[in-house]
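Chains as they are written, first to last, in the working numbering: chain A, 1 to 326; chain C, 1001 to 1315; chain W, 2001 to 2326.
None of these hints come from the bench; they were simulated from the model. Model, not experiment: these values are computed from the prediction. Just so you know, not all the hints are guaranteed correct.
What the hints assert, rightly or not - Some chain A residues flagged as far from chain W (calculated, every beta-carbon gap over 10 angstroms):
#, residue
1, VAL62
2, PHE82
3, ASP177
4, LEU237
As the list claims (entries may be wrong) - Distance condition first, Cα-Cα at most 25 angstroms in a straight line; then the derived DSS-like pairs of lysine-lysine:
#, chain 1, residue 1, chain 2, residue 2
5, A, LYS222, W, LYS2124
6, C, LYS1027, A, LYS129
7, C, LYS1030, A, LYS129
8, W, LYS2319, A, LYS241
9, A, LYS83, A, LYS171
Built from N, CA and C at the ideal position, the CB exists for glycine as well.
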Amino acid sequence: MLAFLIKRVFQALIVMFVISIISFSIQDNLGDPLRELVGQSVSEEERQQLRDKMGLNDPFLVQYIRFAGKALQGDLGTSYFFKEPALQVILRKLPATLELVFGATLIIVSLSVPLGVFAAIKPQHIASKIIMGISTVGISVPVFLTAIGLIYLFSIHLGWMPSYGRGETFKITENWDTALLTADGLHHLILPSVALASIMLPLFIRLIRSEMMEVLQSEYVKFAWAKGISPRRVYFLHALKNTMLPVITVGGVQIGTMVAYTILTETVFQWPGMGFLFLEAVNRVDTPLIVAYLIVVGAIFVITNTIVDLIYGMVNPTVKLVGGKS
Amino acid sequence: MNTAVKTQKAPGRLQQFKSSHFWHSFKQDKVAQVSFGVLIIAVVLALLAPLIAPYNPYDLAQIDIMDSEIPPSWESSGDERFWLGTDIQGRDMWSTILYGTRISLTIGVCAVLLQAFLGIVIGLTAGYLGGRIDSFLMRMADIQLSFSTLMVAIIVLAVFQASFGSELYQELAMLMLILVIGIAEWPQYARTIRASVLAEKEKEYVDAARVIGLPTPRIMFRHILPNTLSPILVISTVQIANAIISEASLSFLGLGMPVSQPSLGSLISSGFEVILSGSWWITVIPGVVLIVIVLVMNLLGDWLRDVLNPKLYKG
Amino acid sequence: MSLLTVNNLEVRFALRQGDVIALRDINFSLQRGERLGVVGESGAGKSVLGFSIINLISRPGYIAQGEVAFEGRNLATLSAEAMRSVRGNRIAMIFQDPMMTLNPVLSIGEQMTECLLAHRKISKEEARNIALQRLKQVQIPSPEHRLDQYPHELSGGMRQRIVIAIALLLDPDLIIADEPTTALDVTIQAEIMSLMLELCETNNVALMLITHDLGVVSEVTQRTMVMYAGRIVESGPTRKIINHAQHPYTQGLINALPQMTTPGQRLNQIRGSMPSLQDVPSGCAFRPRCDFAMPVCEQQIPDLYQAGDCKVACHLLNKKDKEQQS
């Protein structure tokens, strides 16, 4: 366990280092912090003096170390637009995005496994053919179109669902509010979660089905049948546990895609999360915010990938989480 | 003598194709036939867009702002001149969609060509040479994959847009989209090619080629590559579909094609601004076109995978 | 009453091009404690026969007609639930490749006890004790430790011992072993085979040994059945078959054994190869490879004639018989 954690932390450090370099290069090349600070009215000489004073004329490495040092203390600069620490602005929007991801993940996990397994066990059943047909259409519809379609049908046409925003939220602390604790907030969460899940769900159904069908052909499943154990045990223990190994791996890879899709979903639903904020920051050339977003997203990648690896290790006995010979 | 052999060979090829499993299964699969037909129509329409389109959406002289947001001609307030209506700027939707499809397909195909080129070269190198180079390249592929294409594309394009300013960016948009989508997805090809190469490498003909002293690149390109064509064909179909979705998503976010030169994604994006006021056609019609194109490519991809992968028929 | 009686069994595979017959006119019986060898080249239908007895032919195969009477019950028409109580319990199976037979993600203990728990109302504790006892019987070192291990931690020979232990768990009446030693190292093959022989003898278990190895058959079994292209071509006491093979195919198999060849000479291979099930030749399926083929062989499928202690399906012997009678 310890060896695994050390290895994992080491990898995480490398990834974060790369992200910080990228972030820093962006900050270095994008926009002029001076202009944001002092405006146009200052003379060229004064500008140079200010640049020297701020360390903007220092060598790249010195500037990077200063940037990294500050970043480690949680200082990623001040947002030009919000006039607040960038990290604080991002973190305030984090709960909204996490809730959206949570809602979508709930839908994906609770539906993909039963539907995929059913389609694998009974491939000739009419319901399986319907599931697979809808899934193929599902992976062909971009998230933003699903989102627009949902708004058009349920908000504009039927008027059942709110079309934008997060609704009423419950403040847990000054910078942390949640929509999960109010009925209105949950009501607002439904459509965006469905939209975000819409492309991942069919992807996972198809993946689980094809992996499961392959596993069902294996010798060990045949042997399990020959032992006379119950079909439920054969399908849901012997076959499903092996099916989940590649599915978990793909799940880890898809986390990045999921974050990207939150940007699309949040844009369509004007969901006040990180993705929406990021696009606004890009349009306003608010560099510190862009950098803060990258670093927070990078941290989320690293954390979730570690969790995915841990889960994989728990399911697959050939991966040794415990240190020692392997 | 020589010509006789040649003339015999030509019909032989055709005959061979006609009796193949591939053609046989195509003849029996209605879904594959329809998908292929729809795709061909879409490609032909896109190629011939300048000839078919009644208006040129890039020619400002042909656009009248007074014509904006006219519904399709079958609606009560429609206009005979524009059978699919007009968009916010008063452009004919039919013409704009034809040109938009052309742009979407071009970006999709070019990006995938770039992916395939990078992926094939890297995959062949990794698979054939093995050892340290192999593990390094595959490690790179893993890392690249874990940052999703769309995420990388959004960040790269956002940063470029912010630093170039949107005007210069608009001119370079198409090239940037092709480059970003093309570069970000190489691991898909590289991994598949590598796996096939490892399988092919075991076979005797590769040993034979090495024994008679053929140079390494020649063995790779002339002997191994042709045997990895089926997986390439299968992923290419799906990859083009994915590239088109990525392009549309980026354009929807305002990071892709500009409204003055719209792809299907940017058309949908511009329509979304007015969908609440009832102008549904600007979003819905290009949306349907986009979905249909991507869907038929995915269906063809599924069919190809079933046909070219005999493993599924072991029963 | 025989333990197992197979009558007129016919197995087909439903392919797109139409049905293909994998087994036909299969008739044989097996007594309690008797050991029967089923011999033939790959593709002869030996494995299909083994699986069709426990009604576990993988799709698209199915039993088209015939009867598999086990202790008086016809297994071919038994309900799924009733069949399940026979599998692993009264009839156990041992598969070819121990590397593929055990589920990689479940512990050895889990894979052993689940079989006991499926068929007997006992506690997990008791099941574990029985499992432990069986592991001792198959001479596995430090058996307590093995129960918590996973298949990848064990060698091939060790895994096959565990598969044998699983087969013995519920004191079955019949064990069907499908090429149990083919995938193992030569040195381990003999060990495993003698272990199986010993266990079958001490527990009075009937054994159906499916193999292509005539040497193994002659060491272990009392009776032998030779199969070719989905039919039985010769059956009788093992010693008779080995020493006085009557069917040209059996003779060919025996002559092809390396010990039947003078050192330095070429092996006496049977020319040609087994036909695929899709194009079995008319008449006697072995005819194209047979040195003694006659015109009648092309027109008529030979029946199994009684020839001494043996039964042989060959026109040649039938002719000899008739000549002797007249």
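Verification of the hints:
no., hint, verdict
1, VAL62, "51 angstroms, holds"
2, PHE82, "50 angstroms, holds"
3, ASP177, "42 angstroms, holds"
4, LEU237, "7 angstroms, violated"
5, A:LYS222 x W:LYS2124, "24 angstroms, holds"
6, C:LYS1027 x A:LYS129, "21 angstroms, holds"
7, C:LYS1030 x A:LYS129, "15 angstroms, holds"
8, W:LYS2319 x A:LYS241, "60 angstroms, violated"
9, A:LYS83 x A:LYS171, "22 angstroms, holds"
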